[in-house]
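Chemist: 141 is the number that numbering that gives the first Met the number 0 gives to position 142 of the sequence shown; each next residue is one higher, with no gaps.
You may find that some hints are simply not true.
[As the list claims (entries may be wrong)] Taking lysine-lysine pairs in the DSS-like style, the calculated list, with each CA pair at most 27 Å apart, reads:
| hint | residue 1 | residue 2 |
| --- | --- | --- |
| 1 | Lys92 | Lys140 |
| 2 | Lys110 | Lys140 |
| 3 | Lys110 | Lys92 |
For the record, the hints were derived by calculation from the structure and aren't laboratory data.
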Amino acid sequence: MQIKRIFTESRAVSPVIGVILMVAITVILAAVIGTFVLGLGDQVGDTAPQASFTFDYDGTELTITHESGSQIDGDLVTIAGDVNVTATADANKWSTLGSDTISAGESVVVKDSGEDGFASGDVVRVVWTSESGSNSATLQKWTYNA
Numbered sequence: 000m001q002i003k004r005i006f007t008e009s010r011a012v013s014p015v016i017g018v019i020l021m022v023a024i025t026v027i028l029a030a031v032i033g034t035f036v037l038g039l040g041d042q043v044g045d046t047a048p049q050a051s052f053t054f055d056y057d058g059t060e061l062t063i064t065h066e067s068g069s070q071i072d073g074d075l076v077t078i079a080g081d082v083n084v085t086a087t088a089d090a091n092k093w094s095t096l097g098s099d100t101i102s103a104g105e106s107v108v109v110k111d112s113g114e115d116g117f118a119s120g121d122v123v124r125v126v127w128t129s130e131s132g133s134n135s136a137t138l139q140k141w142t143y144n145a
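Work out the full structure, taking the sequences as your base and the hints as a guide.
Modeler: Here you go:
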């Protein structure tokens with residue numbers, strides 16, 4: 000047996016690599032076409048924005064400030080938890096309480112749901128909901144500790 004010839008023979012390498020590349024390209028194309036046919040491509044934009052908020056409570060009012068991160072549509076962000084809730088559904092949306100677009104430095108002021116200020120353990124959350132309403136995420140949470 001000629002071992003030297005086995006290691007130097009390379010005639011069959013080129014067709015094998017070609018077949019592997021063609022199969023890989025076919026699989027990738029099928030995956031891309033499949034995601035759009037099944038509608039999975041629409042959900043890519045429904046990811047929660049990255050943003051950081053700070054909370055400042057002075058004993059009567061809680062100021063929530065967008066410190067850094069993505070600029071967010073104010074209609075998609077709601078202040079939820081132990082805060083004032085009025086009869087209208089849009090009362091606790093950021094766009095109702097503050098500006099239409101949330102960018103760094105923007106603030107809103109909310110009050111607690113009781114008359115004596117926040118009680119120990121009360122929670123306030125900044126909640127984002129996608130335009131389609133299919134996804135939501137809590138961007139930041141604040142808990143009052145008396």
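Chemist: Take the hints in turn and mark each one as holding or not.
Modeler: Do the hints match the structure? See the list:
Distance check on the hinted pair: Lys92 and Lys140 sit about 16 Å apart at the alpha-carbon level, within 27 Å; holds. As the CA atoms of Lys110 and Lys140 are separated by approximately 15 Å, the hinted pair is consistent with the 27 Å bound. Of the pairs offered as hints, the one joining Lys110 and Lys92 holds, with about 14 Å between alpha carbons and a cut-off of 27 Å not exceeded.
Checked against the numbered hints above, the structure violates none of them.
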